[in-house]
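FYI, the numbering for the sequence shown is 0 to 314, going by numbering that gives the first Met the number 0.
Among these hints, one or two may not hold up.
Pair by pair, the computed Cβ-Cβ distance ranges are [as the list claims (entries may be wrong)]:
1. GLY203 x GLY269: 18 to 26 Å
2. PHE67 x GLN290: 47 to 55 Å
3. ARG209 x GLN290: 47 to 55 Å
4. GLY300 x ALA234: 14 to 22 Å
5. ALA85 x ARG175: 38 to 46 Å
6. ARG175 x ALA285: 16 to 24 Å
7. PRO78 x ASP301: 48 to 56 Å
8. ALA85 x ARG209: 55 to 63 Å
9. GLY300 x GLU88: 37 to 45 Å
10. ALA250 x PRO198: 34 to 42 Å
11. THR267 x LEU135: 57 to 65 Å
12. LEU135 x GLY300: 15 to 23 Å
13. VAL146 x ASP214: 24 to 32 Å
14. ARG174 x ASP113: 22 to 30 Å
By construction, these hints were calculated from the structure, which means they are not laboratory data. None of the values given here were measured: they were computed from a predicted structure. Note that CB positions come from ideal geometry on N, CA and C, so glycine has one too.
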Amino acid sequence: MRRALVVAAVALGLTAPAAHAAYHPHLTVRVDPATPGAPAALAATVTQAPGESATQTERVRFPPAFGFNPQLSVSRCTPAQEQAAACPETSRIGTATAETIFGGFAGPVNLTTDFRFVVFLRGFAGLVEQRVSGYLLLQPDGSVDSVLDGLPNVSATRASVAFDSGARSVLLTPRRCGRYVLGAHFVSHSGETVDEDAPVEIGGCDTSPRIEAADVSPARLTGGRRRVRVSWRLAEPGSATVVEVQRIVPAGRFVRWRRELEMRASATAGANQLALALRRHGRPLAPSHYQIVLTTLSARGDPVDVSRLPLTVAG
0 MRRALVVAAV
10 ALGLTAPAAH
20 AAYHPHLTVR
30 VDPATPGAPA
40 ALAATVTQAP
50 GESATQTERV
60 RFPPAFGFNP
70 QLSVSRCTPA
80 QEQAAACPET
90 SRIGTATAET
100 IFGGFAGPVN
110 LTTDFRFVVF
120 LRGFAGLVEQ
130 RVSGYLLLQP
140 DGSVDSVLDG
150 LPNVSATRAS
160 VAFDSGARSV
170 LLTPRRCGRY
180 VLGAHFVSHS
190 GETVDEDAPV
200 EIGGCDTSPR
210 IEAADVSPAR
220 LTGGRRRVRV
230 SWRLAEPGSA
240 TVVEVQRIVP
250 AGRFVRWRRE
260 LEMRASATAG
270 ANQLALALRR
280 HGRPLAPSHY
290 QIVLTTLSAR
300 GDPVDVSRLP
310 LTVAG
């Protein structure tokens, strides 16, 4: 685009103003959906103040928690197609835009046979075209660098690359929720360098309410009703704790546990308790050996942990 933009500038009587603002590109990264293990859409946007030097090299490092999408399903742009600026739509993995001193440019991002990504930016109603090539570099620690080098010496106040989601997504989001920081390194055409961090929050993870401790008080008569107090402590919150009272009953030559009562109780992080009346269908439970079974459910409603507490109801 350097030659193309220079030609366009001369044709329009434009000249690029001398850089006078301090070089400080700012990076923001947006992931959608920002959930764990997703082939998400990812938009990286760089903004600069008018008058800053143009960026020559841009390197963004994704932490090792990000991975390559094994379900990536796009064709590849061949060298001949790339040279002819005729990469097929089936090789497109995203789009790019740029706001420059010469106006707006936009175009597709295509994946090549050698796993580079090539950007075709077009402006002036398609009369001017610029090809920008980048690549992904796997580091020894598992992190991945996205590199754009040899960018044209044209100031841009905003440049964005938006990678598609699903089968066109190159990367997977981290499998654990949390805050991940993408590090960026910029080099201007004047030799200035800037390091910038862009945080990404991954949320929507399921919880794991493990039972740290559980206890049941002896059965006692209160107001003419036999009651027990069940208490338990959870490491993380969940959607509910299922409380069952089971009685041991004969089953041929063996015995088995039969459910007598079931209810849902709290599942908050820390202490939980339940005052439980030992009655079934309005009648007190018969004297026997019982057990109270606590089953915690995650935020999504999946069973996580189980605790069994013995209980004897005397006559």
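We went through each hint and held it up to the structure:
| no. | hint | in the structure |
| --- | --- | --- |
| 1 | GLY203 x GLY269: 18 to 26 Å | holds (23 Å) |
| 2 | PHE67 x GLN290: 47 to 55 Å | holds (48 Å) |
| 3 | ARG209 x GLN290: 47 to 55 Å | violated (20 Å) |
| 4 | GLY300 x ALA234: 14 to 22 Å | holds (18 Å) |
| 5 | ALA85 x ARG175: 38 to 46 Å | holds (42 Å) |
| 6 | ARG175 x ALA285: 16 to 24 Å | violated (49 Å) |
| 7 | PRO78 x ASP301: 48 to 56 Å | holds (49 Å) |
| 8 | ALA85 x ARG209: 55 to 63 Å | holds (57 Å) |
| 9 | GLY300 x GLU88: 37 to 45 Å | holds (41 Å) |
| 10 | ALA250 x PRO198: 34 to 42 Å | violated (58 Å) |
| 11 | THR267 x LEU135: 57 to 65 Å | violated (44 Å) |
| 12 | LEU135 x GLY300: 15 to 23 Å | violated (38 Å) |
| 13 | VAL146 x ASP214: 24 to 32 Å | violated (58 Å) |
| 14 | ARG174 x ASP113: 22 to 30 Å | holds (29 Å) |
Comparing the model with each numbered hint stated earlier shows that hints 3, 6, 10, 11, 12 and 13 do not hold.
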